[in-house]
Amino acid sequence: MRILIAEDLAILREGLAQLLEMRGHQIATVGDAAALHDRAGAWHPDIAVIDIRMPPTHTDEGVRAAVALRAAYPAVGVLLFSQYVETRFAKQLLTGGAAGVGYLLKDRVGDIDEFVDALERVAAGGTALDPEVVNQLFGASQRDHDLARLTRREREALALMAEGRTNAAIAKTFVVTERAVEKHVANIFSKLGLLASESDHRRVLAVLRYLEAA
Amino acid sequence: MPRWWSALAPPRGRAGKELLYVLLTAPLTALGFGYVLAGFVVCAVLSITALGVPVLAAMVPGTRLIARTRLALARWLLGEVVLAPLAFRPAAGLFAWLRTGLRDGPGWRAVAFQLSALPLALVELTVVLFTWAWGVVGLTAPLQHALDLNQNTVDGRRGLVVAGVLIDSWVGVALLSAAGAALLVIAPWSLRVVLVVDRLLVRGLLSRDERAVRIAALRRSRAAAVEDAAATLRRIERDLHDGVQARLVALTMNLAMIGDLVGRGPGQTGDLLESARANARDAIKDLRDVIHDIHPPILDNGLEAAIATLTARSSVPVSCDIRIGDRPAAAIETIAYFCVAELLTNVVKHSRATRATVELSRRGDRLRVVVSDNGSGGAHEAGGSGLRGLADRVATVDGTLSLTSPPGGPTVVSVFLPAHL
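Here the protein sequences line up with chains A and B, keeping their order. Per UniProt numbering: the first sequence = residues 1 to 214. Per UniProt numbering: the second sequence = residues 1 to 421.
The reader is advised that the hints may include incorrect statements.
[What the hints assert, rightly or not] Cross-link-like lysine to aspartate or glutamate pairs, in silico, EDC-like; alpha carbons within 20 Å at most: (1) K172(A) / E132(A); (2) K349(B) / E381(B); (3) K285(B) / E132(A); (4) K17(B) / E156(A); (5) K349(B) / D365(B); (6) K285(B) / E156(A).
[Claimed, not checked] Derived, one-sided and incomplete: chain B residues facing chain A with beta-carbon distance under 8 Å: (7) A223; (8) E227; (9) D228; (10) A230; (11) I258; (12) V262; (13) T357.
[Said to hold, decoys possible] If you want the footprint, here are the derived chain A segments under chain B, 3+ residues with CB under 8 Å: (14) 1 to 13; (15) 16 to 22; (16) 45 to 51; (17) 81 to 92; (18) 165 to 175.
In short, the hints are calculated from the structure, not lab data. Think of the CB as a built atom: it goes at the ideal place given N, C-alpha and C, for glycine as much as any other residue.
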């Protein structure tokens, strides 16, 4: 894989680069969000690993850079890599869909195999969410059984949604009308308790619910 | 010589200054009274429009200018060394400006001074006129008589009429002259007596209110302390994030790489590596928890983002309504955040609620935080639920915390905080 690392702390930037090079990946590094965008355009990475807190304000530069990067280069996987998990950031990142995105805590590098696995998954258009992210988004364990109430067809639809498919694409797969899929989707939302007021995020939330159970 | 005597002692050399004071303050008093009166009248007339209140808010602090001139005169001519109030500092923003103008204590005291100074000035002028003018007239009565200056006539006699009595004899003139001399002797004294009231008014209404100044100073220093504490915690958080935490993550990477090189390797090495990695992982997690208790990093993104994260974590479903406009002071955000965190913890631990709501709103320059639940109620501040500690923390910034929690619920906790220190 061609992996672009955006991290302002040299000790982590170099450490991560070394670790991934050991596994035979090609690495490029940048120290801030502004450089990330240019480098991604020039170097064509498969995936960008982005620290959230970067100069100048050390707040959410990484998240904004990740969202911008996804919009500019949809083919590039984006993995947020942070010391903290914040619901807000996860939602921001996932608003554009769950395909080709990830959000991991930095301590996950402790297990290289799993970490590289996650990178590969995101680079290939999949999703890699830290269990902490999912915990936070759906902290209440009481909601676990919601998925059990979905019919088999609804679960399949949800699985396809998780891959980032549109209603039209799902309809094609199921060989049914788009209206039928819309009905499935509406049922999923209501069974998962996703209110219409959250309409912006409902699709993402439903997908996350699925990922949590998967 | 007793003290009161020295206060009324013959004003050697001061009589002229005191006289000058009365003569100079008279037009100033008229001006001040006219200004205040005009201000009130304009305010009353405009009060049917939106301009009435702003006029008042401008007039009240404006009175300080006249008061300041009065103070300068009192210092120069009466020797009254009185500290002027601290300068008026209008707050930025229209409403804040209106409020500071209307609540300007020294300004209102100056207004009260201008209103009470008018009758006092009339008394002072009367005394001056009576003693000095009649004194001179009386003293010079023989001269006037000799020069035949007085043309008043009563029953065909000519002379000076005093209190309806015509004085045209040398005896009368001599008596009048003596009375005039006496008046001139007591003139400075009587003015001094009247000026005692003037001095009291100046000291009472135009001086700096030392207690108010002290309170303002305490409030400032406390705000600085609170802000400093918040800034320190934030700096510690950042130092830990960029320092210890980063090194622990780097250590984890190193251990992982060693593990890669050594492979599952010869027995003990692998086990030791695994336990080293577990230790590093636990250290990172512990540190993360500690940091979260010190200063949640998400607070840097604002209260709304931080509380959204907080409510998402709660095991009791929470609905959020956050409308707070521009960002409050950092220290206030931190306090509001920990209030919501603690109150939600209470909801989960004690309330047996199935739903909770968090509302943040802005009431002028106050931030209102309300956390309510549909649980069993019966909470009270002394109940070891951390509410007392929360109330104490809120009180450090002049905030208030109120709790209603009847048995059977619902429980509602309202916290009011100043948006800025």
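How the hints compare with the structure:
| no. | hint | verdict |
| --- | --- | --- |
| 1 | K172(A) / E132(A) | 35 Å, violated |
| 2 | K349(B) / E381(B) | 15 Å, holds |
| 3 | K285(B) / E132(A) | 11 Å, holds |
| 4 | K17(B) / E156(A) | 100 Å, violated |
| 5 | K349(B) / D365(B) | 33 Å, violated |
| 6 | K285(B) / E156(A) | 36 Å, violated |
| 7 | A223 | 24 Å, violated |
| 8 | E227 | 19 Å, violated |
| 9 | D228 | 20 Å, violated |
| 10 | A230 | 16 Å, violated |
| 11 | I258 | 11 Å, violated |
| 12 | V262 | 13 Å, violated |
| 13 | T357 | 14 Å, violated |
| 14 | 1 to 13 | holds (count 3) |
| 15 | 16 to 22 | holds (count 4) |
| 16 | 45 to 51 | violated (count 0) |
| 17 | 81 to 92 | holds (count 5) |
| 18 | 165 to 175 | violated (count 0) |
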